[in-house]
Structure formats: structure tokens, C-alpha cells
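Student: Residue numbers (numbering that gives the first Met the number 0), protein chains in the order written: chain A, 0 to 287; chain B, 0 to 414; chain C, 0 to 300.
There could be a bad hint or two in this list.
As a list, the in silico EDC-like pairs of lysine to aspartate or glutamate whose alpha-carbon atoms are at most 20 Å apart [to be verified]:
id	chain 1	residue 1	chain 2	residue 2
1	B	394	B	225
2	A	62	B	302
3	B	360	B	282
4	B	311	A	49
5	B	259	A	49
6	B	80	A	141
7	B	177	C	136
8	B	174	C	103
9	B	45	B	302
10	B	149	B	302
Note that these hints are calculated values from the structure, not bench results.
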Amino acid sequence: MEQLIVKKQTGKRRRPALVAAFYVLSTLLVAVWLMPLVIALFTSVKSMDELMGNAFMWAPPRKWIWQNFAQVWQRVGMSRYVLNTFIITVPSVLGTLFVSSLAAFALAFYQFRLNRTLLVVFIAGMLIPFQMLMIPVFRLSDLVGLRDSYQGVILFHVAFQLGFCTFFLRNFMKQIPYALMEAPRMDGASDFLIYRKVILPLSISSMAALGVLEFTWIWNDLLWSLVLLQRDILKPVTLGLANMQGEFISNYNMTAAGSIIAAAAPLLVFLVFQRFFISGLTVGAVKG
Amino acid sequence: MKRFLSLAALTLLVMGLLAACGPKTDKELIINSYMSDQAPKEAFQKLVDEFQKQNTAIKVTVNTTAHEQFKTLLGSWLASKDAPDVVTWFAGYRMQAFAAKGLLEPIDTVFPGGSFEKEFPAAFKPPASYEGKIYFMPQSWYWWAVYYNKDVFAKLKLTPAKTWDEFLALCEQVKKAKLSPIAIGAKDTWTAGGWFDYMDTAVNGGPFHQQLTMGKVSYTDAKVKETFGYIAELSKKGYFIPNATSYSWQEAAKLLFDGKAAMYLMGQFIKDVAPEDKKPVIDFFQFPYVAGRTEYAVDTPTDGFMVPVNAKHKLAAKKFMAFLATKEAQEMFCKPLGRLAANVNVPVPNADAERGLAMVKGASFAAQFYDRDAPEEMAAKGMNAIIDIMATPDKMDDILAALDKERERIYAELK
Amino acid sequence: MDRVGIIKREKVWWVPWAFLALPLLMYLIWVIGPILVSLYYSITFKDSIFYPKGVRVVWLRNFIRLATDPQFYLALKNNLIWLAFFVIVPVPLGLFIAMMFNLEYKGSRLYKTLFYLPMTLSFTVIGTIWAWIYHPDFGALNTFLRLLGFESLGSTPWIGDKRYMTYALVFVGVWRQVPYVMILYLAGLKGVPVELVEAAMIDGARWGQRFRHVVIPLLAPATVVAITISIIDSLRAFDIIYVMTNTKARAAEVLATYMYSSAFHYQDYGYGSAIAVVQFIITLGFILIYVSNVLRNELQQ
């Protein structure tokens with residue numbers, strides 16, 4: 000039983016009380032949830048003197064020093080860090096999405112003996128606390144000579160994310176009915192063609208959601224960049240932010256400003272890709 | 000398509016390998032530093048630039064990593080086959096532990112003909128050496144003292160204490176005025192380490208404390224209990240700020256700046272975070288004498304550099320170390336930061352430092368710091384124990400007994 | 000007849016393997032390999048993995064020490080608290096919020112975007128700010144409580160007192176996890192008719208059945224991912240605790256922080272790896288139970 004889902008004009012069903020309830024509840028929810036972020040903003044525009052002079056560290060600033068952002072961008076070198084992070088994140092996300100879709104396709108649509116075992120293997124890789132893998136990964140990269148390079152980090156991220164991505168995509172792919180593959184196969188299409196022309200297009204929404212999550216995750220990654228990169232000119236935003244922490248002294252305002260700048264990219268990606276995975280004008284086939 | 004992919008992956012791999020196997024010349028110098036604070040970072044860069052000018056054939060790269068992350072990776076870097084050539088670190092046990100494992104390169108050749116003793120204080124040699132060889136190049140150091148708010152003292156008509164009794168009286172006065180006598184940011188456990196070092200050396204003397212940090216004295220020893228007794232007394236009388244464990248050291252410092260707390264046993268860098276208008280209000284005095292002692296010890300945590308044994312450009316590294324040892328280089332770095340240079344020929348940067356130096360020179364014993372003299376695990380657990388005793392002074396005996404069991408295990412494993 | 004796509008092709012058995020070749024190879028080298036190495040480290044002594052002279056193997060000694068380590072059991076207990084809250088709260092809440100924001104009112108896109116923001120900020124900043132919120136004397140939370148008249152409650156040291164520490168931290172964890180789950184459900188809801196969702200939210204009683212029997216199954220892939228990830232993230236929790244507390248033996252210790260302290264602060268990589276191995280086995284246990292349940296249900300369909 001399949002349905003075509005089309006956006007309907009549901010205007011007449013909107014009761015004003017419910018509309019009001021929606022807005023009140025949503026606004027309240029967002030306001031409360033975002034409180035810490037507002038404090039982050041406050042912190043980013045304060046001077047260190049103000050931060051160190053007032054015990055209420057979360058209070059609104061007396062003076063709004065927007066130059067902090069300029070200072071973080073130029074003096075601290077955020078611009079370079081942001082560039083590096085793009086260089087690392089974009090290929091990693093594309094790479095892992097693509098490679099994991101291959102594995103997900105295999106696990107979702109083929110019945111073979113090791114299918115379930117492999118799924119568990121992919122999941123198992125997600126279970127171990129990352130910190131414990133720091134040294135083995137460091138030594139592996141050292142051995143292979145991939146330490147301290149963009150390629151090394153990208154390769155690592157692509158491989159490392161395969162567990163979650165395969166698991167995620169396989170689950171969503173399982174919802175696609177076999178019937179959609181029957182026809183092309185009858186026509187003699189190769190499995191790879193089916194993968195490319197049928198399954199991938201149908202997985203756009205889940206891949207978009209996954210892409211946004213992966214982008215956010217890899218963009219915010221501190222640990223692996225730390226382990227795999229040594230030269231300052233290669234370092235991403237997260238390491239740049241971490242470096243604003245001195246041995247004893249915390250530059251709260253700079254770190255907050257830097258974090259906000261760093262948060263801009265995942266936010267942008269979210270805005271651009273959300274229409275792919277958020278329901279709106281959708282025409283798609285769904286299991287009834 | 001699949002074939003193309005595998006080819007692409009293979010190409011990437013090969014590219015990576017090729018990139019790593021570039022021509023290795025001894026014309027390079029890679030320095031890994033933890034000086035991530037803006038001011039030291041810039042001062043160090045100037046130093047490196049000067050070295051670069053004098054040695055145009057060597058290409059110098061400085062890689063900066065924040066302190067916490069640096070500590071995490073140092074072991075891996077030292078053991079790596081692509082180790083950096085110079086790394087920043089501190090003197091004391093923490094450095095000697097690496098030397099003991101054979102991960103460091105001795106730098107005696109950097110100090111020809113007894114020049115270490117000529118240029119650096121005698122007290123710096125032991126924490127910079129291991130089994131007779133020098134492995135550490137000292138650069139700067141600072142002192143710890145009891146920092147106090149002059150305005151608060153003036154208002155309550157107090158003067159800095161010289162003896163413990165005076166100190167207690169001082170605290171009582173402050174408490175009566177509804178202020179906190181002693182600020183401490185116990186969320187950063189090393190603040191307790193400072194208290195332990197100063198209290199123990201004041202009660203039992205420097206050499207005893209050294210035996211303790213070397214694991215030769217039990218934490219349940221009567222003398223150690225005496226030390227903790229003094230700290231516990233402060234706690235029982237309510238002289239520490241309430242909720243100390245919720246404050247990072249920097250947040251607790253604010254209480255001192257605002258005049259909500261009177262004193263803070265802290266390192267010299269506390270002035271670096273004071274707001275401009277509060278800087279002149281903060282001053283320091285020497286930790287009080289206890290029980291009629293006339294000698295005192297100080298903590299002088301020393302920062303500097305070491306050369307990994309796996310470094311690829313040892314000649315360049317040693318050249319750099321020799322450069323760092325010179326009076327000019329040391330002054331170049333320490334002067335703008337107001338720090339004390341290890342090289343004794345460097346003039347003192349400011350009046351505060353002069354007093355600090357005098358204080359240190361008058362001491363009969365100098366330690367690095369609890370967490371630099373003792374193995375890290377011991378120090379970590381020790382500092383937690385101190386904070387626990389501060390919070391629940393009645394449980395002192397149990398806490399110390401548990402701590403001592405840890406001590407036995409930790410030092411046994413070191414053999 | 001299969002309703003779910005299963006391709007049985009005995010003759011061309013190598014097809015799935017062709018697809019799996021690249022991902023599996025990469026995964027084995029970069030993930031499984033290091034995990035196995037980690038397992039090996041757990042039977043070594045302290046930091047002998049760095050000794051130029053060679054590694055010292057001590058077999059099960061680290062594990063024996065772990066079995067009688069009270070800090071380990073404390074960490075385990077805390078992880079179970081994290082697990083309970085992470086599964087119970089973010090999943091239904093994330094679903095509810097996703098459904099609500101999915102209603103096509105003007106501005107719902109803005110709400111979704113704003114709600115996603117907590118995920119974009121680094122843990123360091125989040126931790127610092129929540130510490131300022133939780134501070135007993137000057138924190139936002141207590142100031143607010145005192146304003147409302149709750150004097151004693153408004154003096155609680157939320158992350159200073161061992162009774163409340165873990166819960167305060169779990170709250171921050173949940174705060175960050177809910178947007179994450181929301182995104183998962185937003186993706187899942189894309190295939191669900193809007194009217195169904197609307198109706199379910201408006202007429203609870205009458206549509207309850209319909210909701211349970213139609214909408215929930217449609218959300219199955221998102222739910223499975225959400226629950227699996229919540230289980231994993233709760234047992235793997237590290238950053239929040241690390242940033243907001245002193246990790247060297249605190250009341251809020253969890254397995255990941257204890258492992259990190261042991262390895263990187265105490266220079267005992269052997270012990271740290273042993274903790275990691277135990278944590279891995281525990282998580283694997285939970286996951287296997289949950290996932291095999293799910294897989295069994297899949298087969299039934």
C-alpha cells in the first residue's frame with residue numbers, strides 16, 4: 000500500500016487556540032534551551048577586565064566589545080583555522096557519506112551469511128571511548144607516514160565515521176520497498192546502477208540529515224585533529240579554540256567569540272540542507 | 000566505477016606516503032610548545048625569529064598546542080619515530096621520568112666547562128638532571144606567595160603575618176568583618192598542592208617534604224598528619240571561602256580582586272589576570288613561619304625545554320638550546336612577561352620580581368611543585384586528598400590511610 | 000514475497016562483497032585495528048608501551064585491580080545513571096519537539112534552526128557556561144531560584160556536591176542530546192503524512208491508537224538510531240564531565256573520564272585500556288540486546 004504524500008492546505012483545520020499554544024510552547028522551549036547560548040554571546044563581547052571584575056559571569060555585558068570578534072579572526076588567526084576546517088570537513092563528509100552508502104546498500108538489500116555480523120562490527124566500532132584509540136591511531140599514522148597532513152585526517156574521518164553512517168543509512172534504506180528494484184532488474188540493470196539511480200535518490204533525505212550531523216560532528220572534532228596534526232598551519236578551528244586556553248589563564252571572551260565564529264559553519268550547512276530532510280513539499284513513496 | 004574508487008583511494012594513500020617521505024635535511028628545526036597564551040607565545044616567537052636571523056640555514060617551525068592537550072600527547076611524541084626536535088616542559092620528576100625511560104637526549108654539550116653552574120642557580124641543577132646528565136634547559140620560573148588585597152588590609156588595619164599565630168589572628172579578624180580570609184579555587188586541585196607544599200615545608204622542613212614527594216615517607220606518618228592538622232584547623236575555623244570546589248582558580252581570584260576575600264596562596268601569574276585597576280591593590284608576603292622555625296622553603300616551578308632522543312635534527316636542536324641559555328635570549332623572553340629568568344645574569348624585570356627573587360634567594364630549600372616533584376598519579380590523588388580533608392577535616396585519618404595505600408602501589412610500580 | 004527489499008542471488012554471491020570491500024577495508028584498518036591494539040594494551044604494564052626497551056605484558060593484572068577498585072564501580076554506577084536518563088528523556092522529548100516543529104506554521108523552520116544551535120557550540124564553551132549557571136553563589140540558576148524565594152535550594156552547589164553532581168551533568172548532556180534526537184526524527188518524519196502527526200498531537204485519545212500503530216512504526220529507523228546512539232553516548236560520555244569537573248577522581252566520574260585520567264594523567268595506559276575494554280564489553284552487551292531485538296522484529300515484518 001503506497002501513498003503519495005502531498006502538502007495539503009490545512010488552513011481550515013487550524014484552531015486559533017492551538018496556533019497560540021504552538022507559538023507559546025515553541026518560543027518558551029527555544030528561549031529556555033538557548034539561554035546558555037545567549038550567555039555565550041554575552042561573554043564573547045565582554046572585556047577580560049569586566050569578566051574578572053564581576054562575580055556574576057553570566058550577566059549581560061556593560062560594554063559590548065564587538066572588536067573581540069575581529070581580534071579573534073585576525074590576531075588569533077581564526078581565518079586560517081576556519082579554512083583548514085573546511086578543507087578537512089568537506090571531503091570527509093562527502094567521503095564518508097559515499098563510502099558508507101555502499102556498505103549500507105549491501106547490508107540492507109542482500110541476504111548473506113555475514114550480514115548481521117558485519118552490522119554488529121560496524122556498530123561495535125562506535126562503542127569504544129575515543130580517547131583510548133588515540134595512541135593506537137597515532138602510532139598507525141606514524142607508521143604509515145600519514146601523520147601531520149590533510150590527507151591523513153580526512154582518510155581517518157572517512158573511515159572512522161563509517162560505523163555510524165553505515166548503521167544509520169542501512170536502517171533508512173531498509174524502508175525502501177523491493178518492488179522499486181524489481182522493475183529495473185527485470186530490465187537487466189546492474190546492481191550498481193540500481194544503487195546509483197534508484198536507491199541513492201530515494202535516500203536523499205536521510206543522507207542529508209546524516210550529512211548535517213556528520214558535518215557538525217567532524218567540524219567540532221578536537222581529538223583526532225589533535226592526534227593527527229602537528230603543524231600549526233594545518234590546524235582546524237577546534238584546536239585553535241583549545242589553544243586559547245593558556246596553562247593557567249582562561250580567556251573566556253576570546254574562546255566564546257571563537258566558538259561562535261566556529262559555530263557559524265555547521266549552522267550554515269544546516270540552513271542549506273534542512274529542506275532535504277525536513278518535511279514540506281514532499282513527493283515520495285512511503286510504506287503504508 | 001568501483002575500480003575507479005579503489006584506484007582513487009590507493010592514489011590518496013600513495014600521495015600521503017610520498018608527502019611524508021620528503022627529503023629530510025638537518026636544516027630544519029621543529030619546536031613543539033605549550034605556550035598558548037598570547038603574551039608568552041609572542042615573546043617566544045620573537046625569540047625564535049632572532050634565532051632564525053642568526054641561523055638563516057635552518058628553517059624553524061613552532062607548533063603550539065594548549066597545555067592540557069600537550070600533556071596528553073607528549074609521551075606519544077617522544078616515542079614517535081618522527082619526534083619534534085625541541086619540546087617545552089618543566090623541570091623535576093616529570094622530566095626525569097622521561098629521561099629514566101630513555102626518551103630524552105642529554106644536553107651536557109650545551110653547557111661546556113661547568114657553564115651551567117656559572118649561569119644558573121645551583122638549586123636548578125638537580126631538577127634539570129638525571130643520573131648525572133643534564134636533560135633540561137631552564138628558561139623561566141616564578142614563585143608562590145600569599146597574595147593579599149591591600150585595600151582590605153588597610154580597611155581592617157591589618158599587616159602581613161610573619162608567624163602562624165599572627166596569620167591565624169589575621170584570619171579571625173577578616174572573618175569577623177564578614178569577609179573570607181583565604182580564597183582558594185579548589186576546582187583546580189593544584190591550588191591545594193601549593194598549600195600542601197608550603198604547609199609541609201613550614202612544619203617539617205624542605206628535605207622532609209622532598210622525601211615525601213619521592214615516596215619515602217608514609218602519608219600516615221605523624222609529621223604528615225601534623226601538616227594536615229594545620230590545614231584542617233584553617234578549614235574547621237571556616238577560613239576558606241565556602242564552596243571552594245565550585246570555583247576554578249581564576250574565578251576564586253576574582254574574590255580577592257573584589258575584596259570579598261583577603262588572601263590567596265597563589266603563583267605570581269595571578270597578577271596577569273587582575274583587572275587593570277586592581278593590579279596595584281594586590282601584593283604578596285612570604286608564607287608565615289610555623290612553630291618557631293627560622294628557615295623556610297619555596298616553590299619555584301621552572302619551565303624550559305628538552306630534546307627528545309628520537310629528534311631528527313639534533314644538531315640544530317642543540318644549537319637552539321645553546322642560544323636559549325644565553326643571557327640575551329633569556330632576557331628577551333622574560334622581560335616583557337615580567338618573569339624571572341633562570342639565567343642569573345639577567346636583570347630582574349620589575350620591583351615585584353625583585354622582592355620575589357629576594358624571597359627565593361633567602362630560602363633554604365626550593366622545590367618545583369607538588370605535581371612536578373611527585374609522579375603525576377601520586378600528586379593527583381594527593382591533591383584530591385588535601386581537598387577532601389579541607390572539606391571533611393574529621394575524616395583526615397581515613398583519607399590519609401587510603402592515600403598511603405595508593406602511594407605504596409604507585410611507587411612500587413615505578414621500580 | 001518480501002515486502003522489504005531482499006535480494007537473494009546465490010549465483011552472484013560476490014555482489015554485496017564488492018560493495019562492502021572499500022568500506023570494510025577502511026574500517027578494519029582505521030577502527031577495528033586500533034581497537035584490537037587497545038585490547039592488547041590492556042594487558043600491558045603502565046606506560047611500558049612507550050619504553051624503547053620494550054613492552055611489559057602483565058596479562059590480567061590490570062583487570063584484577065579493576066575488580067576491586069571502588070572508583071571503577073562509582074564510575075559504572077554513574078554511567079548507568081547517564082544511561083537511564085539518556086534513554087528516557089531525549090528520545091520522547093526529541094520526538095515530541097520534532098513533531099511539534101514539523102507542523103507547518105510560519106516560523107517553524109526558525110524554531111528548528113534555533114533548537115539545533117546547542118549542537119554547534121564546542122564543549123569547552125558549553126561546559127564553562129553551564130558551570131557559571133550552576134555556580135552556588137553567583138550562578139544564574141541559584142540567583143533565579145533565590146529571586147523566586149527558594150533560599151536553601153538556591154544555595155545548592157550543583158556541581159560541587161557529590162550528591163547532585165552527576166545529575167547536574169546529566170542535565171547538560173540531555174540538554175545537548177535532545178536537539179540531536181530532534182534532527183534524527185525530523186529526517187524520519189519526512190515520510191510521515193503531516194495530517195497524521197497533527198491529528199495525533201491534537202486529539203490524543205482518539206488518535207492515540209492510530210499514532211501508536213501507524214506513526215511509530217514509520218519512525219522505526221529513526222527510533223532505532225536514536226535509542227542506539229543514546230545508549231552509546233551515555234556510556235561513552237566524556238566531554239561534559241571532563242570540562243565541568245576536575246576529572247582526577249571525582250564523584251561524577253564515569254568510565255570514559257576514569258580511563259582518560261588513568262591513561263593520560265597517571266601515565267597508566269595499561270589500566271586505562273583495561274577500563275576501556277570493560278566499558279566496551281558493557282556497551283556491546285546493551286547494544287547487542289537492543290539491536291538483536293530490532294533485527295528480530297525486522298525479520299518478522
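Student: The structure should be examined with respect to each hint, and the outcome stated for every one.
Tutor: Hint check results:
A distance of roughly 14 Å separates the Cα atoms of residue 394 of chain B and residue 225 of chain B; the hinted pair therefore holds under the 20 Å criterion. Taking the CA atoms of residue 62 of chain A and residue 302 of chain B, the gap is about 37 Å. The hint is violated against a cut of 20 Å. Pair hint residue 360 of chain B plus residue 282 of chain B holds up; C-alpha atoms about 19 Å apart against a cutoff of 20 Å. For the suggested pair residue 311 of chain B and residue 49 of chain A, the alpha carbons sit about 46 Å apart, so the restraint of at most 20 Å is broken.
Annotation: proposed proximity of residue 259 of chain B to residue 49 of chain A holds, straight-line Cα distance about 16 Å (limit 20 Å). Between residue 80 of chain B and residue 141 of chain A, the direct Cα distance comes to roughly 7 Å. Compliance with the 20 Å bound is thereby established for this hinted pair. Our distance criterion of 20 Å between C-alpha atoms is met by residue 177 of chain B and residue 136 of chain C, whose separation comes to about 15 Å. Between the alpha carbons of residue 174 of chain B and residue 103 of chain C the distance comes to roughly 61 Å, so the proposed pair goes past 20 Å and is violated.
Proximity of residue 45 of chain B to residue 302 of chain B is assessed by CA-CA distance (about 18 Å); at most 20 Å being required, the pair is judged to hold. Of the supplied pair hints, the one linking residue 149 of chain B and residue 302 of chain B is violated, its CA atoms being roughly 30 Å apart against a limit of 20 Å.
The structure does not agree with the numbered hints 2, 4, 8 and 10 stated previously, though it agrees with the rest.
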